[in-house]
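Let's have the full structure, built from the sequences with the hints guiding it.
Each chain, written out:
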Amino acid sequence: MATLAEPQAASTDDAFREEVRAFIEKNFPPELKGKGNALASVEGPTQEGPAEKAWREAMGARGWGVPTWPKEYGGGGLTRKQAHILNEEMAKAGAYNPIGGMGVMMFGPTLLEYGSEEQKREHIPPIARGEIRWCQGYSEPNAGSDLANLQTFAEDKGDHYLVNGQKTWTSGGQWADKCFAIVRTDRSDKHNGISFMLIDMKDPGVEVRPIQMISGMSPFCETFFTDVKVPKKNLVGKEGQGWTIGKRLLQHERTNLSGGGSMARLMGNALSDIAKKYLETDENGELADKVMRDRIADFEIRWQSFLLTAKRAVEESKAAGGVSEISSVLKKLGTKLGQERAELLIEIQGLQGLGWEGEGFSDSELSGVRAWLFGKATTIYGGSTEIQNNIIAKRVLGMLDHQ
Amino acid sequence: MAILNEEQEMLRDMARNWTTSESPVAAWRKVRSEKPVEGYSPDAWKTMAEMGWAGIVIPEPFGGSEFGWLSAGLVVEELGKTLTASPLVATTLAASAIVLGGSDEQKGKWLPKLASGERVGTLAFDEGPRHDGRYSAKVEGGKLTGTKAFVHEAHGATLFVVAAADGLYLVEKGDGVSLSDRKLTDQRSHAEVTFNGAAAEKLTGGGDTLLDDVLDRARILTAAEMLGMAQQVFDVTLDYLKQRVQFNQVLASFQALQHRMADLFGDLAMMRSAVEGGLEALDSGFGIARAATVAKAEANRVLHTMSREGIQLHGGIGMTDEYDVGFYLKRARVLEASWGSTSYLRNRFATLAGY
Numbered sequence: 001m002a003t004l005a006e007p008q009a010a011s012t013d014d015a016f017r018e019e020v021r022a023f024i025e026k027n028f029p030p031e032l033k034g035k036g037n038a039l040a041s042v043e044g045p046t047q048e049g050p051a052e053k054a055w056r057e058a059m060g061a062r063g064w065g066v067p068t069w070p071k072e073y074g075g076g077g078l079t080r081k082q083a084h085i086l087n088e089e090m091a092k093a094g095a096y097n098p099i100g101g102m103g104v105m106m107f108g109p110t111l112l113e114y115g116s117e118e119q120k121r122e123h124i125p126p127i128a129r130g131e132i133r134w135c136q137g138y139s140e141p142n143a144g145s146d147l148a149n150l151q152t153f154a155e156d157k158g159d160h161y162l163v164n165g166q167k168t169w170t171s172g173g174q175w176a177d178k179c180f181a182i183v184r185t186d187r188s189d190k191h192n193g194i195s196f197m198l199i200d201m202k203d204p205g206v207e208v209r210p211i212q213m214i215s216g217m218s219p220f221c222e223t224f225f226t227d228v229k230v231p232k233k234n235l236v237g238k239e240g241q242g243w244t245i246g247k248r249l250l251q252h253e254r255t256n257l258s259g260g261g262s263m264a265r266l267m268g269n270a271l272s273d274i275a276k277k278y279l280e281t282d283e284n285g286e287l288a289d290k291v292m293r294d295r296i297a298d299f300e301i302r303w304q305s306f307l308l309t310a311k312r313a314v315e316e317s318k319a320a321g322g323v324s325e326i327s328s329v330l331k332k333l334g335t336k337l338g339q340e341r342a343e344l345l346i347e348i349q350g351l352q353g354l355g356w357e358g359e360g361f362s363d364s365e366l367s368g369v370r371a372w373l374f375g376k377a378t379t380i381y382g383g384s385t386e387i388q389n390n391i392i393a394k395r396v397l398g399m400l401d402h403q
Numbered sequence: 001m002a003i004l005n006e007e008q009e010m011l012r013d014m015a016r017n018w019t020t021s022e023s024p025v026a027a028w029r030k031v032r033s034e035k036p037v038e039g040y041s042p043d044a045w046k047t048m049a050e051m052g053w054a055g056i057v058i059p060e061p062f063g064g065s066e067f068g069w070l071s072a073g074l075v076v077e078e079l080g081k082t083l084t085a086s087p088l089v090a091t092t093l094a095a096s097a098i099v100l101g102g103s104d105e106q107k108g109k110w111l112p113k114l115a116s117g118e119r120v121g122t123l124a125f126d127e128g129p130r131h132d133g134r135y136s137a138k139v140e141g142g143k144l145t146g147t148k149a150f151v152h153e154a155h156g157a158t159l160f161v162v163a164a165a166d167g168l169y170l171v172e173k174g175d176g177v178s179l180s181d182r183k184l185t186d187q188r189s190h191a192e193v194t195f196n197g198a199a200a201e202k203l204t205g206g207g208d209t210l211l212d213d214v215l216d217r218a219r220i221l222t223a224a225e226m227l228g229m230a231q232q233v234f235d236v237t238l239d240y241l242k243q244r245v246q247f248n249q250v251l252a253s254f255q256a257l258q259h260r261m262a263d264l265f266g267d268l269a270m271m272r273s274a275v276e277g278g279l280e281a282l283d284s285g286f287g288i289a290r291a292a293t294v295a296k297a298e299a300n301r302v303l304h305t306m307s308r309e310g311i312q313l314h315g316g317i318g319m320t321d322e323y324d325v326g327f328y329l330k331r332a333r334v335l336e337a338s339w340g341s342t343s344y345l346r347n348r349f350a351t352l353a354g355y
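Going line by line, the protein sequences match chains U and S.
When we follow the UniProt record's numbering, the leftmost residue of the first sequence carries the number 1, and every step to the right adds one.
When we follow the UniProt record's numbering, the leftmost residue of the second sequence carries the number 1, and every step to the right adds one.
Just so you know, these hints were derived from the structure itself, not from any lab.
Quantities reported herein were computed from a predicted structural model and do not represent experimental measurements.
Treat the hints with care, since some could be wrong.
As the list claims (entries may be wrong) - Under the rule of at most 30 Å between Cα atoms (straight-line distance), these lysine-lysine pairs were calculated in the BS3-like manner: (1) U:Lys394 - S:Lys242; (2) S:Lys242 - U:Lys247; (3) U:Lys81 - U:Lys311; (4) S:Lys242 - U:Lys336; (5) U:Lys376 - U:Lys394; (6) U:Lys202 - U:Lys53; (7) S:Lys30 - S:Lys46; (8) U:Lys233 - U:Lys202; (9) U:Lys190 - S:Lys242; (10) U:Lys120 - U:Lys202; (11) S:Lys143 - S:Lys173; (12) U:Lys247 - U:Lys376.
Written out as structure tokens, the structure is:
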């Protein structure tokens, strides 16, 4: 049986690969070669030229920006193997995936699991086409690490909820069209009194104020809700089920925040290559400062094993058919290593690596400082390192609470 | 855990069942007190050989199963968990040197005997207390002269793969080969081996990189043993924290300890990835030098921390000989210093990467 089936499967894969190549050849504008997907981050709006727009629309129409999502909701309906082939061929052609953002990384997978048929038909296709930006309404001033302590209240008014309260750290809130939020529908029960609902950011009563961060950037916002009407159809799951749904979404978030792949791209060149530009080398072409060389090697060895761990988590979760329990470990390790790298980079560059503005600094030096400062947020947001430690200890290792 | 095929799962389960039921740490205690000459139980080694473990990386025509390095690593990891004393790692490494560098005649002569467990082999490389890649042993007219320090499993070995200034040689135990004990803190078999005009046969294949290729295998397989040890220290420490009551609470309920265990769990995940990455590199044949360096460096770093924390988190009882956790600390440091200390490996990593 196997010997008969294999050649057929292989030829199907080959045919698909040909299809992908032809699609890229026809639709990917060569001038975009090597560019990245601006939509994938929560940075400000980026100008979408005609070439970017054409590429996004071509991929969106095909559903290949979210290759494994079901076809009936605008996804690609591909198998994992096919999605892998798609990735390979895009990488070969220097093409990026133009579809991304929180809708793709966090909200989409969660809605596919918990949403009603109607909700999926309404919300998933615009995400798959890259037309809609979503933001996350989770944290509040008094509900950070103690997330379930949230106070934003949704009062049942029959055909709609009336929402009042304040969210904070709303990443990309000033540019978002819609918000997936957890809000309180019952004050008497901390966890079971939470519901998951979808709020239109353009509705009356929604006000967004960007927060300036130590990095000088404002990717996070405060969001205020004053008598915002949310139709009942925007409740995901049952009333009171929000904590369960919200936690599932956080698993997707953690996996993405640690993400070996995206982090590797973010980190760009190997630290050692940068070090060779800033530090003296000896007659062998080795860094003359042996202490610094040792520290860079120490970092890069651990970085290698982190990348291997991220790869392993993907393989294991595929084999197990679900989000890996290791997602908390990846978030904790990936963010720590990212911070370590930024600190080492600053140290390698000396004062030249601490420029804030003006002449005398390269773009990469200036952006390195911002990235170093912004990076301090990574071990705080998406569940702080301390919260990840709690999750690992209690859920994975079975260490108990006080009796 | 890497995704295993059916064959590998069976092999691992077999190894795990055997170590758990036939070779728990109590078996090591017995070896330690009875002090067999070889430094391990000959009966246990016979059983391991019968199960085919000595031939896992040896090609089928020479009596092995050729299951590959990931498979060998799975078995070694299980042996590491229970500190089973055996020459499996040493023999596998000696065999790999012959697989890589031996002539057809040498392979035909030695590999079947190593695969069956009839012969025990080991690597005799370092000449001082540190692994530094410098070898002064010399061969003239087929006779080897030189002294090798701290040779693993030397007492049971009858075939030595020796690093000389100009390459690797096979030397049989016999005339011109003498041993003196160099008992280390792990109380396993280590000896200084002196070759005084011993008959030596060169491994002429394998090219210029043969010596490094063998060492990379030593680093990776040793790291697999260290992985088993680290996993075991973690598991027994976690069990202990869940049982031990202080201030009317089990220790596992204290956040300070929970977070330390979470840190160790993360480190263990990194170590496992690095070690499995090394084994997979050997099986695929790509990027071996770098993967071996990463595997052993991570094994050194994580097992060092794990074995130290294992004692601390057990409290006073961890300091007693009656508890097993101290054995892991002692064995850990010996393996950490073997085939490259952490600083040696960082230096090698940087050199390989061209900085």
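Verification of the hints:
| no. | hint | verdict |
| --- | --- | --- |
| 1 | U:Lys394 - S:Lys242 | holds, 12 Å |
| 2 | S:Lys242 - U:Lys247 | holds, 26 Å |
| 3 | U:Lys81 - U:Lys311 | holds, 15 Å |
| 4 | S:Lys242 - U:Lys336 | holds, 28 Å |
| 5 | U:Lys376 - U:Lys394 | holds, 26 Å |
| 6 | U:Lys202 - U:Lys53 | holds, 24 Å |
| 7 | S:Lys30 - S:Lys46 | holds, 17 Å |
| 8 | U:Lys233 - U:Lys202 | holds, 17 Å |
| 9 | U:Lys190 - S:Lys242 | holds, 28 Å |
| 10 | U:Lys120 - U:Lys202 | holds, 21 Å |
| 11 | S:Lys143 - S:Lys173 | holds, 13 Å |
| 12 | U:Lys247 - U:Lys376 | holds, 23 Å |
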